[in-house]
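Enquirer: Kindly produce the complete structure, drawing on both the sequences and the hints.
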Amino acid sequence: MDHRLRPNFERSPNLQDILDSYGSAKEALAAGNHYIALLKARAENVPEIENAALIMCGVIKKNSNGLKSGTLIQEAYGQWCLGNNVVAGEILKNFQGSSNLVSLLKKPAINVLILYGPHTKHHAPAEELEGFEIIRAMVKRDETAPPLSDIIPRGFQPDAIIVLDIYGQRLPNDLYDFNGPVIFLNYDFDFQLAYQHQDLQRADLIVGNGAYEHYYLDRIYDCPVSVFPAIILPFEKPNILQTSYKKDIDLLHTGLSFTPTMR
Numbered sequence: 001m002d003h004r005l006r007p008n009f010e011r012s013p014n015l016q017d018i019l020d021s022y023g024s025a026k027e028a029l030a031a032g033n034h035y036i037a038l039l040k041a042r043a044e045n046v047p048e049i050e051n052a053a054l055i056m057c058g059v060i061k062k063n064s065n066g067l068k069s070g071t072l073i074q075e076a077y078g079q080w081c082l083g084n085n086v087v088a089g090e091i092l093k094n095f096q097g098s099s100n101l102v103s104l105l106k107k108p109a110i111n112v113l114i115l116y117g118p119h120t121k122h123h124a125p126a127e128e129l130e131g132f133e134i135i136r137a138m139v140k141r142d143e144t145a146p147p148l149s150d151i152i153p154r155g156f157q158p159d160a161i162i163v164l165d166i167y168g169q170r171l172p173n174d175l176y177d178f179n180g181p182v183i184f185l186n187y188d189f190d191f192q193l194a195y196q197h198q199d200l201q202r203a204d205l206i207v208g209n210g211a212y213e214h215y216y217l218d219r220i221y222d223c224p225v226s227v228f229p230a231i232i233l234p235f236e237k238p239n240i241l242q243t244s245y246k247k248d249i250d251l252l253h254t255g256l257s258f259t260p261t262m263r
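Counting with our numbering, you get residues 1 to 263 for the letters of the sequence shown.
If you are wondering where the hints come from, they were derived from the structure by calculation, not from laboratory data. It cannot be assumed that every hint is accurate.
Unchecked claim - The calculated label-pair distances, taken between Cβ atoms and stated as ranges, are:
#	residue 1	residue 2	range
1	N45	D174	49 to 55 Å
2	G180	P118	21 to 27 Å
3	P125	G70	29 to 35 Å
Being a predicted model, the structure only gives us computed values, none of them experimental. The C-beta atom is built at its ideal place from N, Cα and C for all residues, glycine as well.
Expert: Rendered as structure tokens:
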């Protein structure tokens with residue numbers, strides 16, 4: 001068995017374990033573990049890294065002007081989020097391998113294909129977003145996805161494909177022939193490992209929302225992993241909450257309360 005997949009049955013890592021897994025705040029930031037980069041930057045008293053990490057954690061407007069221009073690529077992300085595409089493009093020119101991003105920022109709209117399932121349908125934008133041209137396609141649990149040529153309208157050329165937590169036969173069989181980045185938003189990496197592994201191993205980027213998720217995903221897969229604690233997870237209100245059934249609840253426990261999953 002690959003050592004990266006070998007389970008450790010002793011215990012799950014706690015927050016300190018995750019902090020200790022990086023030698024510095026700069027290393028955590030480069031790895032895409034933004035919350036951990038923030039904590040380590042504060043402990044190391046590195047304001048530049050702290051501001052960059054805060055931008056990636058969603059505190060954008062306040063911290064985008066707190067960086068020395070052209071030193072950290074996260075500055076470009078912050079400026080882009082604020083609508084300053086020209087400024088973001090100039091910043092990106094300082095970083096090797098950013099030419100494609102610079103080209104995208106010059107386009108009137110970035111073309112994106114979003115593939116999703118019923119459980120992630122609320123993640124796909126219901127309205128048009130300024131600066132984007134978005135095509136959406138939902139694949140139900142028992143469906144087999146058609147090829148990309150049947151999904152993508154004639155004349156529409158995606159700049160990126162975003163897959164919202166669907167895998168296997170629910171993805172087009174020619175997905176990885178696409179000449180552009182394939183980005184996965186991933187849930188439940190642990191107990192769905194066998195189901196997800198083949199696709200996530202071929203992803204260009206895996207996106208999550210917690211330091212705990214990053215700790216494992218980064219050790220399992222070879223592609224970059226980036227987690228954003230400010231990701232909103234929309235969902236439909238369960239029908240049970242709409243019934244007349246009532247019960248006094250003193251304590252409700254869901255998920256992994258004592259691990260830094262959502263940090």
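Enquirer: Which of the numbered hints are not met once you compare them with the structure shown?
Expert: none
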